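Student: Here the protein sequences come in this chain order: A and B. Heads up: the first sequence at position 184 corresponds to 182 in our numbering, and the numbers run straight through without jumps. Going from the second sequence to our numbering is simple: count from 1 and add 299.
Some hints could be false.
Far from chain A by the CB rule (all over 10 Å, computed), these chain B residues [to be verified]: (1) Asp324; (2) Leu325; (3) Glu332; (4) Val359; (5) Asn376.
To give an idea of the interface, some chain B residues facing chain A are shown, with a C-beta separation under 7 Å as derived from the structure [as the list claims (entries may be wrong)]: (6) Ala313; (7) Gly314; (8) Ala315; (9) Val319; (10) Ala321; (11) Leu338; (12) Glu342.
No farther apart than 20 Å at their CA atoms in a straight line, the calculated lysine to aspartate or glutamate pairs in the EDC-like style are these [what the hints assert, rightly or not]: (13) Lys375(B) / Asp354(B); (14) Lys348(B) / Glu112(A); (15) Lys114(A) / Asp349(B); (16) Lys348(B) / Glu128(A); (17) Lys375(B) / Asp304(B).
Derived from the structure by calculation, the hints contain no laboratory data. Keep in mind the model is a prediction, meaning the values are calculated, not measured. Each residue gets a CB set at the ideal place from its N, CA and C atoms; glycine is no exception.
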Amino acid sequence: MTRTLVTGIGVVAPNGQGLDPYWEATLEGRGGIGPLTRFDTTDYPARLAGQVDIDPAEHLPSRLLPQTDVSTRLALIAADWALADAKGGTERVDYDMGVVTANASGGFEFTHREFKKLWTQGSSAVSVYESFAWFYAVNTGQISIRHGMRGPSSALVAEQAGGLDAIGHARRTVARGTPLVVTGGVDSAFDPWGWVSHLSSGRVSTATDPDRAYLPFDAHADGYVPGEGGAILVLEDAATEGAVDRAYGAVAGYASTFDPPPGSPRPPGLARAAEAALADAGLAPQDVDVVFADAAGTPDQDRAEAQALREVFGERGVAVTAPKSLHGRLLSGGGPVDVATALMSIRDGVVPPTHKTSEVPAEYGIDLVRGAAREQRVECALVLARGRWGFNSAVVVTSA
Amino acid sequence: MTIEDLTRILVECAGAADGVEAGTDLHDVAFEELGYDSLALMETAARTKDEFGVDLPDDVVAELHTPRAYLETVNKNIGETV
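Please build the complete structure, drawing on both the sequences and the hints.
Tutor: Here's what the structure looks like:
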């Protein structure tokens, strides 16, 4: 397969806007979780969220604001930053550039507002832009229009796993002959309707102290905190002149699997996804320096992931971390932010810790990086993500 | 409906016009040139109905290419369905 490099990164995360601020916050343990402020949450059982504090009007033309949900605004900002970061790689023919993004919830807040108008003022009051502002492919479409990218483009939906699926498919798109593909995932659903959708998972932490909410792999794990944002990456064919010099690293392998139905005697598919992604990269478990875990933050799912990690790497066989505990689970944005973080680990030779988690049950048998960042050489990282209803995806990133 | 009303509604519906200096007379500048596409005009027509009571069907709006044409059609038909 064509070697595919990451040459640009744009991160819009609750604990850092822009790659460098995000990475600094991640190393220093600055979190982005706090009380949800978008509406009155008094009567809701869970009230903490990872919100992105950014004014879209400072970053996007006014023309785009009336037609975009907050999730699309964040995606467009992240794409602008990723393309600026790719430094000159984007001077190409329009059909030589594609866009492949993931989305899990669509334009929830925009749609909630328009539906309210529908019920209270009638159909003529509903914005024409609702026609596309709501749907899963809108981030791909808006990035494509804004940057004149007419090559093969698509959108993938697989809840929290979808962002890695997008990166995997973007890599495939490069291999099929499109030399540059913008990829990643960004989500936001913090209106009352979106919030209830998060809560319906039954896995959202009801903790009120940000330091005690979302403790992946901790003995006291009691659920996750939903966040908004994500990351957009620029992938380029390694054969492109100068690409290797501009690259953060390579997307070396990808695989996805689906869990058997509830009650089935067959095991969940996470270990198989990890093994298949490593096989796709032509690497073995011992080549992996660090795993960025899915880190669901509920005891049953943490235990299942720990078991998958023992199956692939052996007891405490690899460093494992989940810096996402600082900003929450970002749906489709989660995997791409982890991939960006893994590439920073490769660049700087340091593994950020899983902040807040202090007590990992011995039965998990994982070497979870806790407390302080661990300085070590990182040549290869495995990024895992699981999506509600059975999605498992894995991406292998290596140095360029 | 005045040009000021129309400009205000366009900005509310679809953001500021492209590359227009303050004070420019926009009556005869094509919507397309201002960067307003068919969706922006459909949205504007819906707001026009709310404020001025003129119901502009999509196919009529599609034939109105400048603010002057838009204003003339609206002002001729205030209170009626076109």
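Student: So which of those numbered hints doesn't the model satisfy?
Tutor: 9, 10
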